[in-house]
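*Asks:* Chains as they are written, first to last, in the UniProt record's numbering: chain A, 1 to 331; chain G, 1 to 331; chain P, 1 to 356; chain E, 1 to 356.
Because the hints were derived from the structure by calculation, they are not lab data. All values derive from a computational prediction rather than experimental measurement.
DSS-like mimics (lysine-lysine), calculated; alpha carbons at most 30 Å apart, straight line:
1. E:K335 <-> A:K201
2. A:K250 <-> G:K327
3. G:K225 <-> E:K322
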Amino acid sequence: MSTAVKTNTLTLVQAVTDGMRTMLREHDDVLVLGEDVGVNGGVFRATDGLQSEFGETRVMDTPLSEAGFTGAAIGMAVNGLRPVVEIQFLGFVYPAYEQIMTHASRIRARTMGHYSVPMVIRAPYGAGVRAPEIHSDSIEALFTHMPGIKVVCPSSPYDAKGLLVASIEDPDPVIFLEPMKSYRSSREEVPEDKYTVKIGKGKRVMEGDDVSIFAWGAMVPVAEKAAKEMTEQGVTCDVIDLRTLYPLDKDLIAESVQKTGRTVILHEAHRTGGVGSEIQSIINDTSFLYQKAPVEYVTGFDTPVPFFAYEDHYLPTSNRVVQAIQKVINF
Amino acid sequence: MSTAVKTNTLTLVQAVTDGMRTMLREHDDVLVLGEDVGVNGGVFRATDGLQSEFGETRVMDTPLSEAGFTGAAIGMAVNGLRPVVEIQFLGFVYPAYEQIMTHASRIRARTMGHYSVPMVIRAPYGAGVRAPEIHSDSIEALFTHMPGIKVVCPSSPYDAKGLLVASIEDPDPVIFLEPMKSYRSSREEVPEDKYTVKIGKGKRVMEGDDVSIFAWGAMVPVAEKAAKEMTEQGVTCDVIDLRTLYPLDKDLIAESVQKTGRTVILHEAHRTGGVGSEIQSIINDTSFLYQKAPVEYVTGFDTPVPFFAYEDHYLPTSNRVVQAIQKVINF
Amino acid sequence: MENQFPMKQWIDEEGNVVSEEFQKNVTEDLVKQIYRQLVRIRSFDRKCISLQRQGRIGTYAPFEGQEGAQVGSAYALKDNDWMYPTYRDHGATMTFGHSLKNILAYWNGRNEACVPPEGRHIFPPAVPIATQLPHAAGTAFAEKRKGTENAVICYFGDGATSEGDFHEGMNMASVLQAPVVYFNQNNSFAISVPISKQMRSKTIAQKALSYDMPSVRVDGNDVFAVYFETQKALDRARKGEGPSLIEAVTWRYGAHTTADDPTKYRDQKESDTRREKGDPILRVELYMKKHGLYDEAWIEKMKEEVSSEIDQAIEEMEAMPKANPEDLFDYVFEKPTWTIEEQKKAYFASLERGGM
Amino acid sequence: MENQFPMKQWIDEEGNVVSEEFQKNVTEDLVKQIYRQLVRIRSFDRKCISLQRQGRIGTYAPFEGQEGAQVGSAYALKDNDWMYPTYRDHGATMTFGHSLKNILAYWNGRNEACVPPEGRHIFPPAVPIATQLPHAAGTAFAEKRKGTENAVICYFGDGATSEGDFHEGMNMASVLQAPVVYFNQNNSFAISVPISKQMRSKTIAQKALSYDMPSVRVDGNDVFAVYFETQKALDRARKGEGPSLIEAVTWRYGAHTTADDPTKYRDQKESDTRREKGDPILRVELYMKKHGLYDEAWIEKMKEEVSSEIDQAIEEMEAMPKANPEDLFDYVFEKPTWTIEEQKKAYFASLERGGM
Ligand SMILES: Cc1ncc(C[n+]2csc(CCOP(=O)(O)OP(=O)(O)O)c2C)c(N)n1
Ligand SMILES: Cc1ncc(C[n+]2csc(CCOP(=O)(O)OP(=O)(O)O)c2C)c(N)n1
Ligand SMILES: [Mg+2]
Ligand SMILES: [Mg+2]
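Let's have the full structure, built from the sequences with the hints guiding it.
*Replies:* Here it is, written out as structure tokens:
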């Protein structure tokens, strides 16, 4: 007798809401806070309906004060609560950077485990929705170089809920990046009940033997599109959605590269200092002798994420990925 | 008839002072500002004597307000001044991160060159002087992943003055990192007059054929020590002091690796997301076929820079570098 | 505290003069010029909303309701002064002489808006909230150091007061005694967050007490009160008497931006009520009528001028050449680094090999 | 403004009671306990300076001169309250029950200081200035939400008021009406920067006006005035009446830290003068003498106790096993990531292969 899992067809942003709702229901200590998360339900509606279900002391509008409310959330987490903080756009996290860097990420280490910060910082991020300047920054790498914090980035509704639940349950702070461009771009069956997707594990979204493509967030569909085009040319790609950016899924990276020997890394962040270089570093450590060609990068440039009239130029396209695949194939 | 260049024997920190003095004398628009830079001459004496020579309107003590005075310096730079801002320790730059990221580095791009920010942000950095927590952070990579800003890091008195003068003259913002541990560790002849060392150019500090070692700041002497030990074992190393971390000296990196085929990267910052991965990425792009062994890293760990009782464990040692050299040799 | 900061008015909601203080300065010409600006910026604002609806520009931040605060303050500036606006202050930048075409281009995702007209010091709109306050202190300090009498005006909203940069900027300015006027438009909302959740204090003016800085609370919908109070603060700045804070109490009738739905968080009837009683333009009209300045022919003609100025700007904006991807690379540094040069080359090569 | 915030005293510099307000609360036991704490923390502080000189600990931040402020405030706490200290507030943490051995270990570069004794809520000392103010608001809010009557005390200096986090923390606490007491020790200096360059305001207490928060200015060298005012503020917090700001005006006699040379930036004669007139311990002694509480035998014995307590802590600290490099890796996450595991393994392997 099989028990059918009840599911709903949700977009990524709805799955995020569902993840928060699930945890708000389960634990009285879970709180949601940030700018406009209350009656407005968030500028992307990610917290829609949560305040009316859980009340103003569980889902709290804060002052326009990223350092203030992130810092306060640290103080709450240290004292037994599990705050889920929303940064309205990742490009507005900078004022909270000191709080995250010198406190959220270090308190466990500083106190030898006596205090800890089970907090999630959620933030929509990335370009492609014609938002005003600063709203489209893609700065994962500023957190993957920050010991003591995990960085998670789902690309699908199912993963969004499962990873968010896992992040809220994690005993340590997690930066949870939500690709804005993917918020409503597709729907998927998402279980109504609680479930988790493991932090630190990537996912193979297409199977192939010739080239490995590593991507995350809104770049995953770009990678898939390119891989599909290449299939027609008889080249098959192993497309990996990394899903967690710290710690990276070393085993999956190594396994894929050891199979294909050829790698394309895809991200919308600036090339220099991006997480891409870190993937390459893992390949160096694990799969040096398997490499048949230099790694090709398709990334944002070393320029500020531009005003939106230029963002189609800035953002990697499947076309550029196809060219990169051809390059590693023809090396 | 040769003209003798007048020199003084200076430590690195004295050379920094000398660089500021040179530019304060030359340009009325150059200002020095920060916490305790005035009558106190800075907590490391880097601005010693400058206020008494140039007065309180040129060498200014500011409130304890990194965002405030960095932001004000941006406003000054936009309006014709050339501020040299001191962040007392690099680990206290975080509150100014938003100002640097969203303004200093972007104003030229945002305004298509109409406004610019010729500003230098100086900061002592790195571990090894038994300073209290947070004082020893090594976060170059948080700036090399920030388009619109250059990152410079001298390891010797001569370079310190020459690079600082070049940074103050640069039409764009420069982060100028001063390795605390090297402030007084050695002396060198430094010309009394103005001179510059070009930003973006590394320097070969030891010549060798077998292994390339890349380092900067306080890690350069560690690399040299290891290289000298290896010479006794008949292995010669090409030791490169990168000096500028953005943009990296791609040509020198490629030239060295194409000669040796074996690479050791040395830095005290955390391994993941460090500038080391970027060097590796340049090797991938330029010298893939020359590589005879995977790159070896000797770096700080993915842990917060620890309390000082543990810093000797955290900081790379020449011993660890020797082991890495042996590893790439024996691959 | 509210008693310590009574709301200053020159004319009340019926257009009656309620204070004698500035009577002698109010000439017919001033009234007409100011009225013209009010009408001009409101027309522009409404036009932008319709352009956004038609997909001819992107997300847009309207200011309707706040015209009195923006025109009154910007009109008090002198040519060589500096302006630090936010994303909602293009009513002020227009008044100060910014190019309409460029402002439109901003909302169409183009950098050109950030380039002010020759000789005008207008900084790009502050998007990261409150970051402009420290800049304004520094820019003003630089003027002081040059020995000029130029001053700086810096705009920000009620929500912005919660950011650290508000505090650090105010403190820097007061310590430096910089010639800057911090001009707050208190429209009671930061997107959906009402001021009662933003702060416990009942006024923003009182926040100047922390810095021993003069401050005043003014009816932001009384364009003249705003104008005269801004002038006073600017005069103090020019005379070396340091910074000031002005709280202009106002209201935005519409949405935070065109991406926002205000009915989610407030009863829009309030906007209707405020529109009927106390609207900054209506008020000036009532004043003009009472003083025989309401010249319908002049108004008709002025509205036509304004309207064709706006139409022309739209035409110019739409005639702009397509966004040039070279611009992405060419302004990051004065001289591009090799990283940017290589990336640019590779990008253009990829375009040639197969389009974007 | 200074008139609005007169400096509160209970005893003056000669130890005379100048206010009747708290007379009934001052028992012999209270006086002796407080005096004991003052002597205890001063002895500890002096000992630390000599340990630093001997190279037995690292750079140290002394607090001599500020004992009245630290003991008075910390003594007002109840067992379940929370304390957020800075690097200079180990006088307060000792008074609240922190372990001397651990405090010594902190200045010797060991994390152990950051672990408070069982059941005591003491946060690690704030090193990045002012970052603790938002934490304290959040921790206090959590107590309120749990429905306890516990309160939080948060220490910071005059220099800290210039940071954005001071402002954001104060605003968050006031909006949340969190049960927290912000306790400022105004010692007039932030390293070398005098308060006149730090801010234009003449008091720190007035900065609470921005947040409609109650505040008081108190003679920080009058331990009783500090104690009673802190108690009042804590009581308000426990009763749900929200946060308060206390400005305790004091002075550090010595250097900012042992790495600092105060003669570079101020005339140390000022410290001598203050020591002679107004010293927090001297004042209590004068009071005790006037009221027949100065029991030399008791004092002698107490000093011996204190001294042996300190000596024992030093012994324990010095007997600690050497810093264990495993600690570097084992507390970053609850469960180490593979990155940390691999790095740890590689590091220990390299140690085996040839020492550090
Ligand atoms: C640092 C930062 N955080 C968040 C945002 C997103 N945001 C844009 S406008 C706004 C509200 C601003 O309110 P207020 O200062 O009152 O100005 P108003 O929009 O009412 O003119 C917010 C939260 C931002 N732009 N910058
Ligand atoms: C964000 C930050 N910037 C700079 C410093 C360096 N620093 C340490 S203590 C100090 C002065 C603090 O002055 P104050 O707040 O008055 O406290 P006091 O030392 O007088 O107790 C400074 C600038 C720091 N620790 N954190
Ligand atoms: Mg507002
Ligand atoms: Mg102080």
